[in-house]
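If you read the sequences in order, they're chains A and S. Going by our numbering, the first residue of the first sequence is number 8, and it counts up by one from there. Going by our numbering, the first residue of the second sequence is number 64, and it counts up by one from there.
These are computed hints drawn from the structure, not numbers from a lab. What you are looking at is a predicted structure, and each value in this text was computed from that prediction instead of being measured. Backbone N, C-alpha and C fix where the C-beta goes; we use that ideal spot for every residue, glycine too. Don't take each hint at face value.
Said to hold, decoys possible - Distance windows between CB atoms, simulated:
1. A:ALA168 x S:PHE291: 20 to 30 Å
2. A:ARG15 x S:LYS459: 30 to 40 Å
3. S:ILE179 x A:GLN37: 41 to 51 Å
4. A:ARG10 x S:ALA76: 49 to 59 Å
Unchecked claim - For lysine to aspartate or glutamate, the following DMTMM-like pairs were computed, each having C-alpha atoms within a straight-line distance of at most 20 Å:
5. A:LYS149 x S:ASP333
6. A:LYS149 x S:GLU185
7. S:LYS458 x S:GLU174
8. A:LYS149 x A:ASP131
9. S:LYS459 x S:ASP264
10. S:LYS206 x S:GLU185
11. A:LYS149 x A:GLU130
12. A:LYS149 x A:GLU161
13. A:LYS149 x S:GLU174
Claimed, not checked - Which chain S residues face chain A? A few, computed with CB under 10 Å, are given here:
14. PHE71
15. VAL78
16. TYR81
17. ALA87
18. ILE88
19. GLN90
20. ALA91
21. TRP203
22. SER262
23. ALA265
24. HIS325
25. ASP433
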Amino acid sequence: MDRQVELREFVSARGAALSRAAFLLTGDHQAAEDLVQETYVVLVRRWQKSGSVDPEAYVRRILYSRFVDGWRRRRLVELPSASPPEAAGVDEVGTASDRLTLRDALGRLTPRQRAVLVLRFYEDLTEVQAAAALGISPNTIKSQTRVALQRLRELAPEVVASFEGAES
Amino acid sequence: MNGLHEAFDELVADVPVYGDLDRAIEQAEHERRHRYGMVAGLAAAAAVVAVIVGVLVVTRADDAAPEPAVPSPTPTSTQEDATDPAQKGQTIPRGPSEVLAVRQLGGHRLEVAGEIIPGAWELTASRGDVWVGLTTDGEWWGKGTTTRQMPNAAGGIVISQDAHWIVWTRITADIPGGNPPRVMEVVDTATGEVQWSRSADADATDLGALAVTNDGVVVLAHCTETAFDIGGYSYCDDARVDVWEPRSGVTNTVPAEVTVEHGPPGSHADLNPLVQVTGEHNGLLVRSTTSGRPQYVRVSEHADVEAVAILPRRTQLVTADERFALLECPGCGLTVLSLDSGELRPITAPAGLNLFEESPEFYPYVVERDDLVLVLQPGADARCSFAQARCVRIKK
Chain A
8 MDRQVELREF VSARGAALSR AAFLLTGDHQ AAEDLVQETY VVLVRRWQKS GSVDPEAYVR
68 RILYSRFVDG WRRRRLVELP SASPPEAAGV DEVGTASDRL TLRDALGRLT PRQRAVLVLR
128 FYEDLTEVQA AAALGISPNT IKSQTRVALQ RLRELAPEVV ASFEGAES
Chain S
64 MNGLHEAFDE LVADVPVYGD LDRAIEQAEH ERRHRYGMVA GLAAAAAVVA VIVGVLVVTR
124 ADDAAPEPAV PSPTPTSTQE DATDPAQKGQ TIPRGPSEVL AVRQLGGHRL EVAGEIIPGA
184 WELTASRGDV WVGLTTDGEW WGKGTTTRQM PNAAGGIVIS QDAHWIVWTR ITADIPGGNP
244 PRVMEVVDTA TGEVQWSRSA DADATDLGAL AVTNDGVVVL AHCTETAFDI GGYSYCDDAR
304 VDVWEPRSGV TNTVPAEVTV EHGPPGSHAD LNPLVQVTGE HNGLLVRSTT SGRPQYVRVS
364 EHADVEAVAI LPRRTQLVTA DERFALLECP GCGLTVLSLD SGELRPITAP AGLNLFEESP
424 EFYPYVVERD DLVLVLQPGA DARCSFAQAR CVRIKK
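Pulled out of the complex, with its shape left as it was, chain A reads as follows (with noise of 0.2 Å):
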């Protein structure tokens, strides 16, 4: 199959899950935009390269450590806050709330920790593959989630507490 047709493929079919995981990481529209184009520039020389690679790790290394890396070059924006919606019923009112808080408090963490967090409950990786898509440790993966658990805890204990009460 013509390598470029395979690359449309594979861009069709995880194009949004990739959009997804950018937003959760960003918390912006725009930020989740540029860094997923960002992670197609980087894919396609890559892909133009080699026929060796493995597209889904490999698209997941870019676009976390290009979100992490690039964070510290360019140290985005706090995530920006929204109102809820006006008109909405008393349920409504509740998960819109708890949405924005946990957006803030996510917000609020380090972009290692945001992202630890998105591989591990999000895409649910193991902490070796999750270990992989950052390029650190294992052990340092432990000790992120630990700590960005915790913070969250802080943060918004509330809608923590809805997940945990969920758990049990």
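Fit chain S to the given chain A structure using the hints.
Leaving out everything else, chain S in the frame of chain A:
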């Protein structure tokens, strides 16, 4: 944590599909054309470059002069003639490397010297026949096919070049919600016994040991400023790089900066020691600033830090015999620098092996022995002789 997954799902419910692949292809193509244009320009300047290629670029450590210009060598066939006649005709071994005796195979299998270790594994570190891996019931380390449970490790786990020593930091008591005490241990891999230990409470938590020499001397990140996050957990806000000689307890400092990136207030800082293990078993490439020229130093068995040479900024590694360095720069590929003569030569790769891959996310080089360096690439590992400035594929 299914609840967290569901909350994440809600957050991204309205996220559109970002990215424009056509624009990315166009941009990559534009960059590729630009890069080839630069290579062509370099080739045209071959005659000029050949005259000045012998410029000595290595200075002794006491030379604080600005970095001399390093001419880009030209990738021409005449480079074969520049090879030391004594090296001509020599062959580069194509067999598997003993340095990488432990291999991760598909299906989470782990192979040590041709034998499969029972269970499903994720290999996280190895040197020679000593390895560290994760399995479903925790973290283990092994020597050959002998496996041992890893204690509750925190921070880096390092293995000496001769695989005689493994060093880790472990938590000695589980204190829920607190800051548990930690100890650094130097373990003799032949016996599995802890040979020396010290309190690691003053070390940078996530980093700990950075390297261990064949003499058992440990390079570590020592925390100089402790802070507490919003949850009350202690973390390291600044650090320096130390050397610890465990027999006598002598400690010295390495001239390497630790860069610190701060996140929002109350969050952990990211520490990045500008230290790279390379060259001899006790060799380090260190930088005092991120943009500065790296210094190659040796750590003695008494924990003395000996400065050997200041190298060009784009140095990637030093060979085990300390005779060559690898230089890399965007658009000009890989170049061998002779530390004896200052001569520069481009590396010749076998057909189909792209050593010029731009992949800043990965560091594919493993210093093997003498002048040999392994280049790890998916499905196509290579061994490069820096004395011969050429590489061969490694047979599987």
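Tested hints:
1. A:ALA168 x S:PHE291: 20 to 30 Å: This hint holds: roughly 23 Å between Cβ atoms.
2. A:ARG15 x S:LYS459: 30 to 40 Å: Since ARG15 of chain A and LYS459 of chain S have Cβ atoms about 32 Å apart, the given range 30 to 40 Å holds.
3. S:ILE179 x A:GLN37: 41 to 51 Å: 50 Å, holds
4. A:ARG10 x S:ALA76: 49 to 59 Å: 34 Å, violated
5. A:LYS149 x S:ASP333: Within the cut-off at roughly 15 Å; holds.
6. A:LYS149 x S:GLU185: 15 Å, holds
7. S:LYS458 x S:GLU174: Answer holds: LYS458 of chain S to GLU174 of chain S is near 16 Å, not above 20 Å.
8. A:LYS149 x A:ASP131: Given pair LYS149 of chain A, ASP131 of chain A holds - Cα atoms ~14 Å apart, limit 20 Å.
9. S:LYS459 x S:ASP264: Violated: LYS459 of chain S and ASP264 of chain S sit about 44 Å apart, past 20 Å.
10. S:LYS206 x S:GLU185: Given pair LYS206 of chain S, GLU185 of chain S holds - Cα atoms ~16 Å apart, limit 20 Å.
11. A:LYS149 x A:GLU130: 16 Å, holds
12. A:LYS149 x A:GLU161: Holds - the C-alpha atoms of GLU161 of chain A and LYS149 of chain A are around 19 Å apart, at most 20 Å.
13. A:LYS149 x S:GLU174: 26 Å, violated
14. PHE71: For PHE71 of chain S, the interface hint holds, since the closest Cβ of chain A sits about 4 Å away, which is under 10 Å.
15. VAL78: 5 Å, holds
16. TYR81: Nearest chain A Cβ about 4 Å off; hint holds.
17. ALA87: Status holds, d = 4 Å.
18. ILE88: 5 Å, holds
19. GLN90: 5 Å, holds
20. ALA91: Holds. Min distance 4 Å.
21. TRP203: 12 Å, violated
22. SER262: Violated, because the Cβ-Cβ distance from SER262 of chain S to chain A comes to roughly 18 Å (cut-off 10 Å).
23. ALA265: It is violated, given that the least Cβ distance between ALA265 of chain S and chain A is near 17 Å, above 10 Å.
24. HIS325: Holds: closest Cβ of chain A sits about 9 Å from HIS325 of chain S, inside 10 Å.
25. ASP433: Where the cut-off is 10 Å and the nearest Cβ of chain A is about 28 Å from ASP433 of chain S, the hint is violated.
In the structure shown, a violation is registered for the earlier hints numbered 4, 9, 13, 21, 22, 23, 25, in ascending order.
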